[in-house]
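J.: Read off the chains here:
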Amino acid sequence: MNDNELLTLLRDADPALTSRAPLPDTNRLVEAAMKNNSVTSSENTDFDTTTPAVNISVGRGRQRFFGIAAAAALLLGGGITAGITANSGNGHSTAVVKELTLTGSNRKCQAPVPDQLRGYPTFFYGTVTSVKGPLITLHVDHWLHGGGSRTILVSNDPDFPENLTFTVGQHYMVAAESDGSIPSCGANWVSDETWSQFTDAPVK
Amino acid sequence: MTEQETRRLRRARFEGLAQVVTAPLHRYLLRRTAPGMVEDVLSETMLVLWRRIDHVPGLRDGSLPDGDDVLPWCYRVARGCLANVPQVAVPVVTDHSDLHAALAALGELDREVIRLWAWEELAPRQIAEATGMTANAVSVRLHRAKKKIAEQLQSGRKKAELAGHKMSEGRSGQ
Numbered sequence: 000m001n002d003n004e005l006l007t008l009l010r011d012a013d014p015a016l017t018s019r020a021p022l023p024d025t026n027r028l029v030e031a032a033m034k035n036n037s038v039t040s041s042e043n044t045d046f047d048t049t050t051p052a053v054n055i056s057v058g059r060g061r062q063r064f065f066g067i068a069a070a071a072a073l074l075l076g077g078g079i080t081a082g083i084t085a086n087s088g089n090g091h092s093t094a095v096v097k098e099l100t101l102t103g104s105n106r107k108c109q110a111p112v113p114d115q116l117r118g119y120p121t122f123f124y125g126t127v128t129s130v131k132g133p134l135i136t137l138h139v140d141h142w143l144h145g146g147g148s149r150t151i152l153v154s155n156d157p158d159f160p161e162n163l164t165f166t167v168g169q170h171y172m173v174a175a176e177s178d179g180s181i182p183s184c185g186a187n188w189v190s191d192e193t194w195s196q197f198t199d200a201p202v203k
Numbered sequence: 000m001t002e003q004e005t006r007r008l009r010r011a012r013f014e015g016l017a018q019v020v021t022a023p024l025h026r027y028l029l030r031r032t033a034p035g036m037v038e039d040v041l042s043e044t045m046l047v048l049w050r051r052i053d054h055v056p057g058l059r060d061g062s063l064p065d066g067d068d069v070l071p072w073c074y075r076v077a078r079g080c081l082a083n084v085p086q087v088a089v090p091v092v093t094d095h096s097d098l099h100a101a102l103a104a105l106g107e108l109d110r111e112v113i114r115l116w117a118w119e120e121l122a123p124r125q126i127a128e129a130t131g132m133t134a135n136a137v138s139v140r141l142h143r144a145k146k147k148i149a150e151q152l153q154s155g156r157k158k159a160e161l162a163g164h165k166m167s168e169g170r171s172g173q
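Residue numbers (numbering that gives the first Met the number 0), protein chains in the order written: chain A, 0 to 203; chain B, 0 to 173.
With the rest of the complex left out, here is chain A:
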């Protein structure tokens, strides 16, 4: 079989040819993207195109501020930092949280209850989609407070092995302060049964 024969076979088997999905609305996508986020500073040329959209760009001074805040919190006993975009959904980037920092040990936590967590400005239920070394990716199944992106990156500090272990396919509930800190017991594994209790709870 030569290259042309293989190419013909492959093109005949192209899933895009048989898809019944409607064509994308370019104008809507453009408007949604421009409403949702700000453009990265043109001075920043060191980037990774694989970075998910949750890592909202911030001004350099602000990045530095959050970097320092995260480092300080880690020194004080934290273990998790995360990049997250929160959006009010009204077209203006509110950027409630840039970096999440675990400010206390996350072990020996009691089962989370809505009363304890519903007061946090960032509060979501998500499923771990990948764990690559210290980097954990969560797909947001439900935003309870805050909102915006469907993908959250969490980097777990290996210096704090006592922190919660994230497992692919498992569900977690994560709450964070407006300054980006994940409180003690703010990240919790939840079973499907527990989650159904949360969905019934009056979270505002």
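Hints in this document: simulated from the structure, not taken from any laboratory. A hint or two may mislead.
[To be verified] Examples of chain A residues lying across from chain B (beta carbon under 10 angstroms, computed):
1. Met0
2. Leu9
3. Pro14
4. Asn26
5. Leu28
6. Thr128
7. His138
8. His141
9. Leu152
Remember, predicted model here, so these are calculated numbers, not experimental data. Glycine included, every Cβ here is placed at the ideal spot set by N, Cα and C.
On the provided structure of chain A, position chain B as indicated by the hints.
T.: Leaving out everything else, chain B in the frame of chain A:
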């Protein structure tokens, strides 16, 4: 240049880019994930492109970009966004199940190289840009992956022929 002019230029660049890349990106995602996931991942991809509009290679002010210049970079962004969603099977045409099985038997990177070559119609240099490999590494992988698929397809056909032959022998023996 005032901030307002900069904003207007970025907007124009992004609108031009979106006109050229939205449909190819949509097809790219249809080929790699379930239809139900495509819209979300496409939105994420467009969001990253808007954020990185100053870094997209091949953009020119005042005219639409050339797809050959911008698409490999945009595919790379889409690939990154896809990596962050749960992997789900793509619906395939049953007529080509042997070919999809041969594709599935490849390693992830070899499979992506083949798909970019056949479906996105990229040259090795562009595949290198889309995957972060060198053009040389892409050429080697592409050659190897084509050979593997061809071998697997031929092996499958031989088995089918053999099975058909045995069935006809069995019928004539009765």
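J.: Honestly, which of those hints from before does the structure not fit?
T.: 8
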